[in-house]
Amino acid sequence: MTTPTTEDLAQGKAYTAPGITVYYDARRCLHVASCVRGLPEVFDPKARPWIQPANAGADAVAAVVRTCPTGALHYVMGQEAEMPDETTTITPTPDGPLMIRGNLVIDTPGGERKDVRAALCRCGHSSNKPYCDGTHAKVGWTSGEAGNR
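Using UniProt numbering, the letters of the sequence shown map in sequence onto residues 1 to 149.
Any given hint could be a false lead.
DMTMM-like cross-link-like pairs, simulated, lysine to aspartate or glutamate; straight-line CA separation at most 25 Å [what the hints assert, rightly or not]:
1) Lys138 x Glu112
2) Lys13 x Glu112
3) Lys46 x Asp59
4) Lys138 x Asp95
5) Lys114 x Asp44
6) Lys46 x Glu80
7) Lys13 x Asp25
8) Lys46 x Asp133
9) Lys46 x Asp85
10) Lys138 x Asp25
11) Lys46 x Asp8
Because the hints were derived from the structure by calculation, they are not lab data.
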């Protein structure tokens with residue numbers, strides 16, 4: 001399996017600063033806000049543009065982007081695409097999506113997509129399948145996992 005390329009991860013709107021470009025795919029954002037908590041001077045939902053990668057060092061921005069569990073955020077440093085975690089992990093979120101990280105190949109309606117992080121729908125109601133779009137909360141879907149409430 002090959003790792004995702006810059007082209008694979010360059011999805012959504014690009015925000016460029018010296019040494020790094022951050023990509024934001026709004027359709028995959030579940031507003032976990034790890035970016036906002038991690039670097040509020042870069043990720044500020046009240047500012048326009050809301051992502052300003054020049055407000056911190058490229059390494060710091062990349063580290064915070066890697067905390068995005070949904071894959072709504074990705075980065076490219078220089079010409080190097082973000083590298084996947086060495087071990088693939090799948091973590092079910094109580095009453096929510098499957099959070100996956102690793103060297104991923106995801107079957108989508110548009111064909112196979114290589115990625116490093118994703119939040120996959122478990123409720124079956126997402127309008128952005130296979131990705132979660134938060135519809136589980138609107139329709140009252142629960143995972144039925146004992147001890148997770």
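Consistency of the hints with the structure:
{"no.": "1", "hint": "Lys138 x Glu112", "result": "violated, 28 Å"}
{"no.": "2", "hint": "Lys13 x Glu112", "result": "holds, 21 Å"}
{"no.": "3", "hint": "Lys46 x Asp59", "result": "holds, 24 Å"}
{"no.": "4", "hint": "Lys138 x Asp95", "result": "holds, 11 Å"}
{"no.": "5", "hint": "Lys114 x Asp44", "result": "violated, 28 Å"}
{"no.": "6", "hint": "Lys46 x Glu80", "result": "violated, 30 Å"}
{"no.": "7", "hint": "Lys13 x Asp25", "result": "holds, 7 Å"}
{"no.": "8", "hint": "Lys46 x Asp133", "result": "holds, 22 Å"}
{"no.": "9", "hint": "Lys46 x Asp85", "result": "violated, 31 Å"}
{"no.": "10", "hint": "Lys138 x Asp25", "result": "holds, 21 Å"}
{"no.": "11", "hint": "Lys46 x Asp8", "result": "violated, 29 Å"}
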